[in-house]
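Take the sequences, apply the hints, and build the full model.
Chains as they are written, first to last, in this note's numbering: chain A, 1 to 261; chain B, 1 to 329.
FYI, nobody ran anything at the bench for these hints, they're computed from the structure. Careful: at least some of the hints might be erroneous.
[What the hints assert, rightly or not] Just a few of them, taken from the derived set where beta-carbon distance is under 8 angstroms, the chain B residues facing chain A:
id	residue
1	2
2	6
3	211
4	212
5	214
6	219
7	224
8	226
[Stated by the list, open to error] Residues from chain A that keep clear of chain B, each with C-beta distances beyond 10 angstroms, as calculated:
id	residue
9	11
10	28
11	34
12	36
13	83
14	90
15	103
16	113
17	116
18	194
19	223
20	225
21	226
22	230
23	240
24	250
Beta carbons are placed, not taken as given, at the ideal position from N, Cα and C, and that holds for glycine.
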Amino acid sequence: MPSSSLLEARRLDFSYPDGAHAIRGISLSIPPATLTAVIGSNGSGKSTFIRLLAGLLRPAAGEILLDNKPLEAWPPRLRAREIAYMPQATMTVFPFRAIDVVLSGRTPHAPRFGFENERDHAIAIEALEAAGASHLAQRQVTALSGGEKQMVILARALAQQPRVLLLDEPAAALDLKHRAELMRTLAHLRDTRGLGVVMVTHDLQLTGCIFDRMVALRCGELAEQGRPEEILQSALLAQIYDDPKVRTARIGDQTMVWIDK
Amino acid sequence: MKATLIKAMAILTLVLAVSTAAALLIGSQKIDFARLLSDPFSRTLFFRLRLPRVLMGLTIGASLAVTGATLQALFRNPLADPYTLGISGGGALGASVAIALGWGARVAGVPLVFLASFAGAILAASLVIAIARTGAVVLPGALLLSGVVVNLVSLAAVMTIEYVAAPNNSLEILRWIVGSLDVIGIAPVGYMLVLLVPSWLALLALSRQLNLLAIDEDTAATLGVNVRRVETVVHTLCSLVVGVTVAMGGSIGFVGLIVPHAVRLMFGEDLRVVLPGSLLLGAAFLVLADALGRSVLPSGELPVGAITGLLGGPAFLWLLRRRRQYAAM
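Next comes the structure, spelled out in structure tokens:
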């Protein structure tokens, strides 16, 4: 149903000038209050796809609709209140304090030339708590580890109070505990605020069962989409990751994924 | 953050007032301030030479520092400034070509030298960025290296032009290469301010977007910043500001590098504080450096660029050493 989708991609085509990481004919609908995982092998176009959804890249063909309105028709500032994006890594070289980075996520909501107010501060602190990073508030981001930096950037995306959150491998630098915390936070925001999440991930094992839906990309095309237990099948994963030895098994409501010797 | 801005503005305005007063008082010639209006010698010395020179210093210092802070944020490169990106050199080359050709004319009231200098600055900036850009990414190390080389080549070209045009006037060459604030009368400062004040204000108006860019380019875009437009506006404005200042004061180095860092150390990283703070501290710093240059030798004076170079070069190296991540770029 088109009316129930928050963000919708229609027949997206894209290719970089060197031809790499091309996207061909991907259509996908992101309803509110769902966690969607985008999986696929390296170079399958996952990051390109999520950057297209974030409006960082412009599709060569096809369109992206936010609330049934083309993404480029949205004024950037209003769009930024609806969609937040968290990259794989950030390269900040200036020693900003973590709290200031999170506060900058309030930009689309703050007056154009003013400073953030008390409410913005409260939201920023709440976002740091939700990301499990309150203890980092006064630290300089340049002194943080990769995982800690990611938590601060996640808090910043949450402070944007978006309706759609796009995450590009957010868990890559996180340890087990923080991965679990990230997933719980996202599930909580889905349930309480109706947040729609699209997350690129390589972590099929730990996070697989939490997603409502999985989308598998292969060579820039949408290979399959469905519930995690439908996607996490040996034959399908073997095809997506181009490895015949991928095995899966159901244990209770969880799916185990491993590679056979 | 608002409190930080108010505190920074108060402290730096005071610093600026004290520096300006000191710069007006200090000089190789003693001015009798009690008879400033009645004594023609004192009056000429003060109103035709000392005051214009201090105003020139304030204007150029503010300009170089605010462009330095802007360029550092835009390129996420703490070592960027008009000098290290070759913009100063390009501007100096444009201006010296115009002067060698005897272009004293004005176009719509703007001295042609300013236009030539602006053209040189924007060409140098575009060249350096084009060399350092691969795809959507500007490589920080390549940016600085190409900037420094463009600066060296430009200044060598300036030296060649000056040598051919006025073989006996090595002082004039030195002025372009090192930079100096010599000026007669107040009118040139007036021309500069007409172009500079709107440019400063436009840069200050971008401080929030620059703040987001200083953190990260991709997320700045998803937070509503039109990155390409900010880049274009910043390139143009910085080239204009640097071009105009270089046309008058020559290629004064490192002001845009050390002043923003000093402001950051005192008041934190937020560009909404760093940009106006750099404007004030840059003005104060350059008039003090010039006052030092005018008084440090028993006879004669050092060009202000020699002072900023002697202070700024070591500061650059200190920054490189202190923050390991800069060296990795």
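Do the hints match the structure? See the list:
no.	hint	in the structure
1	2	holds, 4 angstroms
2	6	violated, 11 angstroms
3	211	holds, 6 angstroms
4	212	holds, 6 angstroms
5	214	holds, 5 angstroms
6	219	holds, 6 angstroms
7	224	holds, 4 angstroms
8	226	holds, 6 angstroms
9	11	holds, 23 angstroms
10	28	holds, 19 angstroms
11	34	holds, 20 angstroms
12	36	holds, 18 angstroms
13	83	violated, 7 angstroms
14	90	violated, 4 angstroms
15	103	violated, 8 angstroms
16	113	violated, 7 angstroms
17	116	violated, 7 angstroms
18	194	holds, 20 angstroms
19	223	holds, 27 angstroms
20	225	holds, 24 angstroms
21	226	holds, 28 angstroms
22	230	holds, 31 angstroms
23	240	holds, 27 angstroms
24	250	holds, 38 angstroms
Hints 2, 13, 14, 15, 16, 17 from the list above are not met by this structure, while the remaining hints are.
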